[in-house]
Amino acid sequence: MKTKTRSKSAMSISDIIVQVLMMLAALIFLSPFYFLLVNSVKTLGDIMVNAADWPAQFHWSNYSNAWKMTRFPEALTNSLIITIISNLLIALFSAMAAYRLVRANTGLNRFIFMMFVSAMVIPFQSIMIPLLKVIGWLGVTNSMFGLILSYMGLGIPLSIFLFHGFVKSIPLEIEEAGTVDGASSYGVFGRIVLPMLKPMLVTVIILNCLWIWNDYLLPSLILQSPELRTIPLATFAFFGQYSKQWDIALPALVLGITPIIIFFLSLQRYIVEGVAAGSVKG
Amino acid sequence: MNNKRWAGLAQQTVYIGPALLFFAITIIIPFVMGMYYSFTDWNGVSGTVTWVGLDNFKRMFTNDDAFLTSFWFTTKFTIVGVILTNLVGFFLAYFLTKNIKMRNWLRTVFFMPNVIGGLLLGFIWQFIFIKGFATVGEATGIPFFQLPWLGDETTGFWGIIMVFVWQSSGYLMVIYIASITNVSKEVLEAAEIDGASRFQVLRSIIVPLIMPAVTVCLFLAISWSFKMFDLNLSLTKGGPYRSTESLAMNVYDEAFVKNRYGLGTAKSLVFFLVVAAITLVQVRLTKKREVEA
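For the record, the sequence lines run as chains H and P.
In case it helps, the working numbering puts the first sequence at residues 1 to 282.
In case it helps, the working numbering puts the second sequence at residues 1001 to 1293.
Warning: the hint list may mix true and false statements.
[Stated by the list, open to error] Lysine-lysine pairs mimicking DSS-like chemistry, simulated, CA-CA at most 30 Å apart:
id	chain 1	residue 1	chain 2	residue 2
1	P	Lys1258	H	Lys244
2	H	Lys168	P	Lys1004
3	P	Lys1287	H	Lys168
4	P	Lys1237	H	Lys244
5	H	Lys133	P	Lys1287
Just so you know, the hints here were simulated from the structure itself, not pulled from any lab data.
Given the structure is predicted, the values throughout are model-derived calculations rather than measurements.
Using the sequences and the hints given, assemble the complete structure.
Below, the structure written as structure tokens:
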């Protein structure tokens, strides 16, 4: 991802102008976070008087209030469980399907692959209404299981598409060597192919993590019990009640975005590369 | 031979079966059901579902102002949103591939809003628009900050656009950076030696060579903006008076607020057809312009 266009020569005047412009753009991009953070520790009165100033006093109690009132630990746990389980299952089943679809290139499998690819065009809103009915038939409404099951189906097409392109680039000889050593097809897949899929596995998991973690609409339709709420659901419910009480709402928002920001900052190199790799043209 | 066929069948089932099963449950079956319900008066509750032919479709296009308003809102939003996110994303990428310092740090900053979900972003910006802008407006007297942000149709529209650009352009930037970095150094140097200006290099060399990235970025931006829901919900809730209601929100409202599931699915079918048509046409058009280096 490092640029190759120019060497590390001294900066020309136009480079300096670009540098300044980019720093200004970065400040503009960061300014909402400034407003969010400084006001999250003010009293409501201070927020109303001047929202731009540095806090005169830091009211950390805002955070403990928000922590309790959003039932943050519960929401965080729910979000984690749903995101992690859905991700592992999507990645595993998509990798398996993509492997078979590439290696057994029959007419039927080409058709199945086409079906997965075409389904990527269907907007979620176009299937959400009947999907709820299907979830109802299966008796898994208002359960994490129902939600995870839906994520699996919805996430599989793109993931298969990404793995499919990658499996094609793995030389068959490597697998044949495994077969000669007496491993079964499943052994070859588990011990040889799956480890080789790692770069694409990272991309698939990152894309699905960002999507599932941040999704609001699907969980809002499937989960009704307050104790099942994910972070977006808890935030939405909280905002419905306390929308003008910024001294509780702002710390709640900071809490809500902290896990994903930490995830991003600690894995940013993989995330940026994953995004670039995940958008290879289809 | 028979054994081998059994093994093949078993493998087909083990490898593809699970993916196909979940795919069928959550996409194929609902999609087919949706097509059927589009022609009925299903209300989600009562057991009887009556076939009403094309009534739902006639109704949404002739007797449903909110639907037509949301259609028009979404179209405007998509056009403006796609152009702005791509321009901002491209120019951030273009400048970040120049000889400047702190490139990685800047890239991180521009990408960061994207990892936060639309719902939380919208709430954060609600505060910025209502309190932040007002404070800045009082302090500086700049009229732009003193507008009634999110309070009327125009500021609601541009407010959502602003947040959408802030959220999405970093993602497109990453794709553009990858593509610009791949433009060969020799070609650029040759152009410089031939005396091409920066603008000429940009227009005649870089842009044509990164057309594959343009195809992808337009595709992504169209699909995000046309399906926009979370930002809409958290920023304006479609108001005031449903003037900033997106198509996705209109479908949601029809089904889950008004309980007209039949009409809702009919709308969602139209929604699907429009999305499919636009993306197909766009990919065709931009693919034609892709060139080999």
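Verification of the supplied hints:
1. A C-alpha spacing of about 27 Å is found between P:Lys1258 and H:Lys244, which places the hinted pair at or below 30 Å, so the restraint holds.
2. Our distance criterion of 30 Å between C-alpha atoms is met by H:Lys168 and P:Lys1004, whose separation comes to about 24 Å.
3. The straight-line distance between the Cα atoms of P:Lys1287 and H:Lys168 is roughly 23 Å, inside the 30 Å bound, and the hint therefore holds.
4. Using a Cα cut-off of 30 Å, the hinted pair P:Lys1237 and H:Lys244 holds, with the two alpha carbons roughly 15 Å apart.
5. The hinted pair formed by H:Lys133 and P:Lys1287 fails the criterion: a straight-line CA distance of about 39 Å is larger than 30 Å.
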